[in-house]
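Colleague: Here the structure of chain L is known, so what remains is to put chains B and C in place on it, guided by the hints.
Below are the chains, spelled out letter by letter.
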Amino acid sequence: MFAFCADPASLEGYSWLICYLTTGKHLDFYWSFVTVLTLLAVTAPTALAFGFGGAMAARSPLLPLRLLGQIYTGMVRGIPDIVFFLFFVIALDQGIEWLVHQLRCPEWTDPIRNGLEFRVCPEAKVPNNSAPQVWHSLYGFALAVVTFALVFGAFAANVLFGAMQAVPRAQLETAEAYGMSPRQVFRRVLVPQMWVYALPGLSNLWMILIKATPLLFLLGVQDIVYWARELGGSKTSAYDYPHPDWRLYYFLGLLVFYLLMTKMSERVLARVQTRLSHGQATASGEAQRRAEA
Amino acid sequence: MSCMEIIADYGLRSLGIGERLLPRSDFTLCHQFTLIGSGLIWNIYFGFLALVFGFFAANAIALAKSARSPWARKPAEWFIFVFRGSPLFIQFFLAYEALVLLPRAGFEIPLGFITVTLETSWLSKAWAGALIVLFLNTAAYSAEIFYGALRSIPKGDLEAADAYGLTGWAKFRRVQWPTMLRLAWPAYTNEAIFLFHATTLVFFSGFPAFRQQGDALYYASYFVDKTFNPFVPYPIVAFYFILLTLALIGLFGIINKRLNRHLPSNARAKFKLRPQIIR
Amino acid sequence: MKNLILTTALLALTAGAAAAQTVRMGTEGAYPPYNFINDAGEVDGFERELGDQLCEMAGLTCEWVTTDWDGIIPNLQSGNYDTIIAGMSITAERDEVIDFTQNYIPPASSAYMALDAGADIKGGVIAAQTGTIQAGYVAESGATLVEYATPDETVAAVRNGEADAVFADKDYLAPILAESGGQFSWAGEDVQLGGGVGMGLRESDTELKGKFDAAISAMKADGSLNALIVKWFGSDVATF
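Chains as they are written, first to last, in numbering that gives the first Met the number 0: chain L, 0 to 292; chain B, 0 to 278; chain C, 0 to 239.
The following block holds chain L by itself, in its conformation from the complex (with noise of 0.2 angstroms):
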């Protein structure tokens, strides 16, 4: 990156941490931290969503469909996470190219699958082969992403059922003695109102989320515990700047890193909190009320 690291051999103390510090392996993890950060920012409100749906579906009249939402809520509490993500990625990535196959491909004769082999046919391949690497990073970050979105869409359908079901009963009355039809009930009065009542539920998620993005590197996605590794990893001279065992170091470092992470996102949510309180029929609410008068 320096000038002056042009031959790393000669370097010495500072400046051979400076130039080590910034070799294009050292931007590639400090990007990671960014990848890392997208992820969150990314999944959170995808998770919410699909939260939201199975909120609904296990609120649902219809039977079919409250089953599906119960077994959707119930299926992470039985299986570990860690499982999910080593198959489930595969498994989502064949199907989605499997349906692109039937679109493209309709007068494709050979098998898909062939003993263990899946192939579909060249024009089927999601990210095409002949693409550049970025849409491939793109379409497994998409992956995991939605991956990620579904096992926490999950706890959050969990957070948010137990939400709408907070929601004092007699404000829901209230509305229906408005003349409200039972869909304007609940767009108008339990979404708005249940908020208060999912926050709790929804920072402990997001904070299982943080501590779940060192998982990131099953999903093949290099994120910061695959370049920590990686560069930490004692190098030969093979390498231009060897030395010996310093995954320690880099783990130390992400943790610091972790921790940073939920320190500030505990700032934020217990403000959130405090927004969200005001004027509720809740204790914090009540508290507030006091103290203004």
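Everything labelled a hint here was simulated from the structure, so no lab data went into it.
Be aware that a few hints might be false.
Cut-off 20 angstroms, straight-line C-alpha distance, at most; resulting in silico cross-link-like pairs (DMTMM-like, lysine to aspartate or glutamate) [to be verified]: (1) B:K225 with C:E202; (2) C:K121 with B:E18; (3) B:K225 with C:E139; (4) L:K262 with B:E76; (5) C:K210 with C:E62; (6) C:K230 with C:E48; (7) B:K225 with C:E48.
Partner residues are not named here, just some residues of chain B that face chain L (Cβ under 7 angstroms, in silico) [unchecked claim]: (8) F92; (9) P229; (10) V236; (11) T244.
All C-beta atoms, glycine included, are put in the ideal place defined by N, C-alpha and C.
Modeller: Okay, now just chains B and C, sitting in the frame of chain L:
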């Protein structure tokens, strides 16, 4: 080879009993179910012991966190923050890296007339090292749950205790602690479930498997590695864990009933999933 | 609306299907000098140079992808890349599920590396990478096998005393031993395992296999393969 023979050969393979070599060809469903089931012994071992030890530690830490003295409160707060604020995956990794740094030969402690050697090499083995991490981890999570429950004990209960003249230890043992446990139980059930789920991470990060003795997920990935097919072994792990979870819910439900036996039936704490405790 | 965005995204992803096919080369990137990620963050090593040369000779455009050793075969099967070029030894077990080109490295020795030459390799604790032929060999040898996910960790295990010796490809261990400043030494005899290192392909990709086989033959014939092996592994290893 019949399935019974396979069970006899591999049923306790994860403990090193039975066939020494893992199957290397003709992988039947029976092989996969048997070996993965045998690995489940380790998941139960880690989960159960960490839960038992963690329960006692959590009580102490929760009390420390609600203490007035900062000397007790601050360390408890930090302990909980570090273990709840970082991913278990990274805790396992760091613990292993730190434990292998201990001197192989152990510490020599001179006691004047005799020198005691403190063995340390066993600490970096999964059965001890991973158990310690899981124990500390669940202690932190449970302590936070118990602390929350301690703070939400109804004021009336405490006043009633005062009115009966109960103080100090007697008040804690007969009023505060049972109420805390009762309030915390639904959340604690979830902690237990997720602790068992978390045991699958042991051999996945940091801790190596000796003599091919690992947990359920270890054997599942062995089969994936041999059959190159992820769609059979992993669902088997999922199946076993669903059974394990159902058993746990049943067990904790019985205890919950006992904790709430004095209450009218409509006031009992319902068990709800509050996913605050995954790692 | 969402649907529309999704379809356009899919279209964009799959656009250019008519253009020339790119061959995606899957490797581990953690096994120097075979393959590793260099300090610029790119795949480097013997197999990078070899692969690029083979692709050029066969008139293919190649793209490099890294993946975990664990999932390297399932990912090939499900088409995330088209070849495995990751120091993978040809074995009967693997040959049943995927196809191999002819070997581009002759059957090579695996060796035990330990802190002292007298280490007990028959009954002691031996570290090996999970899912390698070496791990299988140790499990059968009567020694206590201890498995790690990456090759680097197996060496670290010997260094910190967790294992008595590490068992791996000699070519991988040689530079580590040479640079250890006398810390490590070989223990016991070398062992011949596998049928050399070849490229792995899906069984149905016979055309691609033919192209790579032809290119490897050409490189063997004109001696450029031997030159490449010597360049990366030194002059005292087996060549063709």
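Colleague: Would you mind marking each hint as holding or not holding in the structure?
Modeller: Cross-check of the supplied hints:
1. Simply put, K225 (chain B) and E202 (chain C) have alpha-carbon atoms about 17 angstroms apart, close enough for the 20 angstroms limit, and the pair holds.
2. Simply put, K121 (chain C) and E18 (chain B) have alpha-carbon atoms about 19 angstroms apart, close enough for the 20 angstroms limit, and the pair holds.
3. Of the supplied pair hints, the one linking K225 (chain B) and E139 (chain C) holds, its CA atoms being roughly 16 angstroms apart against a limit of 20 angstroms.
4. Taking the CA atoms of K262 (chain L) and E76 (chain B), the gap is about 13 angstroms. The hint holds against a cut of 20 angstroms.
5. Between K210 (chain C) and E62 (chain C) the CA atoms are separated by roughly 16 angstroms; this keeps the pair inside 20 angstroms, and the hint holds.
6. Between K230 (chain C) and E48 (chain C), the direct Cα distance comes to roughly 11 angstroms. Compliance with the 20 angstroms bound is thereby established for this hinted pair.
7. Between K225 (chain B) and E48 (chain C) the alpha-carbon distance is near 30 angstroms, which puts this suggested pair outside the 20 angstroms criterion.
8. Checking F92 (chain B) against chain L: minimum C-beta separation of about 5 angstroms stays under 7 angstroms; hint holds.
9. Of the supplied interface hints, the one on P229 (chain B) holds, with its beta-carbon coming within about 4 angstroms of a beta-carbon of chain L, less than 7 angstroms.
10. With its C-beta approaching chain L no nearer than about 5 angstroms, V236 (chain B) sits inside the 7 angstroms limit, and its interface hint holds.
11. Residue-level restraint check for T244 (chain B) holds (minimum Cβ-Cβ distance to chain L is 5 angstroms; threshold 7 angstroms).
Going through the hint list in order, the structure does not satisfy hint 7, though it satisfies all others.
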